[in-house]
Structure formats: structure tokens, C-alpha cells
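Below, each chain spelled out in residue letters.
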Amino acid sequence: MRHLLSTAGMSPAAAETLLDTAETLKKTLLGREVRKLPTLRGRTVVTLFHENSTRTRVSFEVAGKWMSADVINVSASGSSASKGESLRDTATTLSAAGADLVVVRHPASGAAHRLAGWLSSTNTAVVNAGDGTHEHPTQALLDAATLRERLGTIAGRRIAIVGDVLHSRVARSNAYLLSALGADVVLVAPPTLTPVGAATWAEPGAGGTVTVSHDLDAELPTVDAVMMLRVQAERVIGDVANFFPSVREYSAAYGLDGRRLGLLPEHAVVLHPGPMLRGMEIASTVADSPRAAINDQVRNGVHVRMAVLYHLLAGKDEGA
Amino acid sequence: MAPRSRGATDPGGERHLLSSGDVARTVARMAHQIIEKTALGGPTARSVVLLGIPAGGVPLAERLAAAVAEFSGVRIGLGRLDVTLYRDDLRRRPHRPLSSTVLPEGGIDDKLVVLVDDVLYSGRTVRAALDALRDAGRPGAVQLAVLVDRGHRELPVRADYVGKNVPTSHGEQVVVTFTETDGTDGVYLRREAHHEESQS
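Those protein sequence lines, which keep their order, are chains A and B.
So the first sequence is numbered by my numbering: it starts at 92 and just counts up by one.
So the second sequence is numbered by my numbering: it starts at 3 and just counts up by one.
Source of the hints: derived by calculation from the structure; they are not laboratory data.
Watch out, some of these pointers could steer you wrong.
[Claimed, not checked] Label-pair distances were calculated between CB atoms; the ranges are: (1) B/95 / A/375: 49 to 55 Å; (2) A/375 / B/111: 41 to 47 Å; (3) B/30 / A/103: 43 to 49 Å; (4) B/68 / A/201: 54 to 60 Å; (5) A/121 / B/156: 30 to 36 Å; (6) A/176 / B/193: 54 to 60 Å; (7) A/305 / B/139: 53 to 59 Å; (8) A/343 / B/102: 45 to 51 Å; (9) A/295 / B/153: 52 to 58 Å; (10) B/194 / A/132: 30 to 36 Å; (11) A/122 / B/158: 30 to 36 Å; (12) B/30 / A/244: 41 to 47 Å.
[To be verified] Covered by chain A, per the in silico footprint, the following chain B stretches (three or more residues, Cβ under 8 Å): (13) 115-126; (14) 152-164.
[As the list claims (entries may be wrong)] Incomplete in silico selection of chain B near chain A, CB under 8 Å: (15) 16; (16) 87; (17) 137.
Predicted model only: the values in this text are computed from it and were never measured.
The beta-carbon is built from N, C-alpha and C at its ideal position, and this holds for glycine as well.
This is chain A alone, in the form it adopts within the complex:
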């Protein structure tokens, strides 16, 4: 693996290898006083964030540090990007300065792919930590890790992804990955927040399916997991009122409250990629209930990112 840019086209075998590595790393570090492995000593990881983030940036930083990599955080506001430097120049600068891997988050869809292209003549690897409304592959991997942990298996499971699918890179990455791993994904969103062609997201030959629904109550009794999405007001072009009349109405139709939690099967898990807007897409009683695996997602995020760093930075690249 040279870069991690998307879950589209990722083979189930490659995904399962990453999930297995993450699980092994989790077990290895469990109960340890000193959570430090020497594996990536001397490697440099730079996180380049052109968007605000708490969990993703911290998670990558912790993952790198637990594997003894040197982690340097660059945010757009504190870098030369604020003086007008292009993403390309910033990236080649980081590579020239010795970055072995750049974790990039950018508001433009496709930014990570462009970056990987610009760095193709170098040895620097690129990890997409969210590019616009396109993809967020490590989030999908940590969701898959959490589902596997809670449900035992992913193949054959029915997973609802609910909310602002249109502006969600998390939904897209999850739909690709989970359907490839054999799950049936149902995207539940108001028609205005359903992307065109979402029902064709499952790769040809995928073990699972991707379908679209607009009725949350009808889907809940048959799902094994429900993933709630935040309405990404910062990505909405124009007025949020173009998409739904009011927060109250959105919440009434697509929010997960105590009543809807009761519609779920006993074993079903509630996920949320965070940050949550409590009271809008998810009620506090749900977010804090034992059915919610939201903190597990964050915990698994560190191990999944350790696995990604390990696969990208340890071992000679066979293909290249």
C-alpha cells in the first residue's frame, strides 16, 4: 500500500488485513502501563489540516506517538497557507523537509488524490483524513472495526447511515467499505440530502448492497447498526433552509431519540462519527446509553490509524 486515499476499490482482503492489524495492536497495548512501541522510530508523520478537527487529528497524533514516530502538526491557519501558499507547494515543502507520511484534511474534494499525485516522485505517503464531501477512509475503517467488535461480523449485517448523506464523506467511505465487506447499507436521508446516484455506490462484485430510503422508522426494526450523521451546515451551499424547513422538523423526521431507540433490535449498535449535535440528530439519552458505541469508535480510531501507519511506513513497498 503506497497511500490511503479512499475506501472505494479497497479489496475486502486489504480491509480485513488492516482491521486485523488494528485488533492485534489493541490487544498488544491492552493493560500496558507504557503504551509505546518502537516500530516507527525515526519516521516522521506530518498532519496537515486545512479544516478544524479534534478527534481525527488527535487520533493520528496519538497513533503516531504510540508507535514512536515523530509527529508534527500543521494547521492551515498557522502555516504559510494563510499567506497564500498553494497546497502543492506546502506538500512538496513538507516532503522536502523529511516527512515520510502526510495526513491531509482539506475542504476540497479530491485534495488528497491531487496531493498524492504531486508527491508521486517522492517517498512520502499520503493519508486522506477527509477531503470535502468525498471520502474519509480511516473513519470508515474505525467504524468497521467497532462494528466487528460489537456485532462479531460485518458480512450479512444491515447498517443504516442516517442524516446528511449529501455532504458526508463519512457516509460515502462507509457505504463503499461496508458493502465491500458484505454488509447491506441503507442510506436514510431526506430526499434533499440524498446524493444523486447513491444507490449505485456498491462496487460491482461487492458482497453487500447500498440502497436509499427516506423513512427512518421503517428501517430501524431491521438494522443491526445505525450510524447517525451530523448536518454539515458548513458545507451547505446557500441556506440550510433550502434542504429542510427547520431543525425541529429535521429532528422529528431523522433524529434518533429514545422512542426510535426502542424500535431497534435488542443487539443493534448506535454509531456517530462526531462531533455530535445533541438534540438534533441524536438525543442525549441515546448518545449516553450503553447501546451507543461512540467512545469505542474513538478508541478504535487510534488502533486503526496505528495499523494504517504501520502498513504504509513499515515494510519495503513490494509493488513500487
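Given chain A, work out where chain B should sit, using these hints.
Below, chain B alone, put in the same frame as chain A:
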């Protein structure tokens, strides 16, 4: 791998060093040596833990533990220690998948830990294992048991228990098979033009 008669050389350049009977006898001898050297069951003896290094060390450690229990009546601790994350050649070799680490109940603190591997070669795996042990606890003492010592050490490492010393050249490969993982017990010496060493 089909069992071959001892000492035979086939046209592919493979020599059978130990038959399945030889492996059984060698494991039994090593178990006796462990009992003797650790004064197992004695009043002042430390409790002993065998840690197999994946992949080849794991079935060997299981067999040694079973043999020690049979000969001495003492059940010793058994676990496995994956050293992949501690290797110094991660950047020079193709990607390695991780294996699991399982420590016996009670951990390894103040125990006599015997690291178990199938082949001792450069000594780098043992170095990595010592680093991995340091993160897992603080053993009272550490010893090393290997089925085959093939020489060519690159580090000051010596085994306490050796099943068989085999003089080899760098161009050769020592292949150890166990019934549990490969269907049959045996040790083979293979000459390879384009050798990619898998032991260390």
C-alpha cells in the same frame, strides 16, 4: 512436504536433516535439559514460563511445555510473544503481518522466561524479543531455546538449549515444519539461488 529419508538429497537441492522421530527425540532431550537447568520443582527454583516466538516457536514451545509437564509433573507457564513490532529490519523487508502476543496468567514478572524459536540465525529476532519482553514485564531471568542453531550470528546471542547445530552457508535455508502448522514434523536444508531468508 513429503517426508524423506534422513540425509537424502533430492534434485531440488533439499536435504532432510531431522525426521519426525528425530524431532520428537530432540524435543524430549531439550525438555529434560530445561528441567535440569532450571532446577524445576526444586525449593529455590523460579517459576518458569515458555514464550514461543511466532510462527515456528509457538508449536515448539507447546511441545516443550507438554514434555516438561510429562517428565517432571510440573505445569509451567506457556505463552507466545510476537516480536514484529520490535524488529530492526521493518524498512528493509516486505511487509510483515502481525501475530498475537499471549502472556500466561500471572505475567512474566520475576519469572524465568525461556524464549523459544525454531531456528537461531542472525540473532536479530532474539534481540527484538528481548525488547518486546521489556515492554511486557520484568522477568527474573531470560533464557533461549531453539530447535536448530544454524550459525552466522550478527549479535552477541547464544542459546541455552539447542536441539541441533547445523553448519550452513548464507545461501541455504533451514526449513522447520511442525505437524500442527505444516502437516508433518521435520527439518530440511534447502539451497536456493534467489534465497529470501525467512529465519533469523
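How the hints compare with the structure:
1. B/95 / A/375: 49 to 55 Å: For residue 95 of chain B and residue 375 of chain A the Cβ distance comes to about 50 Å; the hint holds.
2. A/375 / B/111: 41 to 47 Å: Given about 44 Å between the Cβ atoms, the range holds.
3. B/30 / A/103: 43 to 49 Å: holds (45 Å)
4. B/68 / A/201: 54 to 60 Å: Holds - the Cβ-Cβ distance for residue 68 of chain B and residue 201 of chain A, about 58 Å, lies within 54 to 60 Å.
5. A/121 / B/156: 30 to 36 Å: holds (33 Å)
6. A/176 / B/193: 54 to 60 Å: holds (57 Å)
7. A/305 / B/139: 53 to 59 Å: holds (56 Å)
8. A/343 / B/102: 45 to 51 Å: Holds - the Cβ-Cβ distance for residue 343 of chain A and residue 102 of chain B, about 48 Å, lies within 45 to 51 Å.
9. A/295 / B/153: 52 to 58 Å: holds (54 Å)
10. B/194 / A/132: 30 to 36 Å: holds (32 Å)
11. A/122 / B/158: 30 to 36 Å: holds (32 Å)
12. B/30 / A/244: 41 to 47 Å: 43 Å Cβ-Cβ, so the 41 to 47 Å window holds.
13. 115-126: violated (count 0)
14. 152-164: violated (count 0)
15. 16: Hint violated; residue 16 of chain B Cβ to chain A Cβ min 26 Å, cut 8 Å.
16. 87: Residue 87 of chain B check passes; min Cβ-Cβ to chain A is 4 Å, inside 8 Å.
17. 137: At about 7 Å, which falls below the 8 Å cut-off, the nearest Cβ of chain A leaves the hint on residue 137 of chain B intact, so it holds.
Of the numbered hints stated above, those contradicted by the structure are hints 13, 14 and 15, listed in ascending order.
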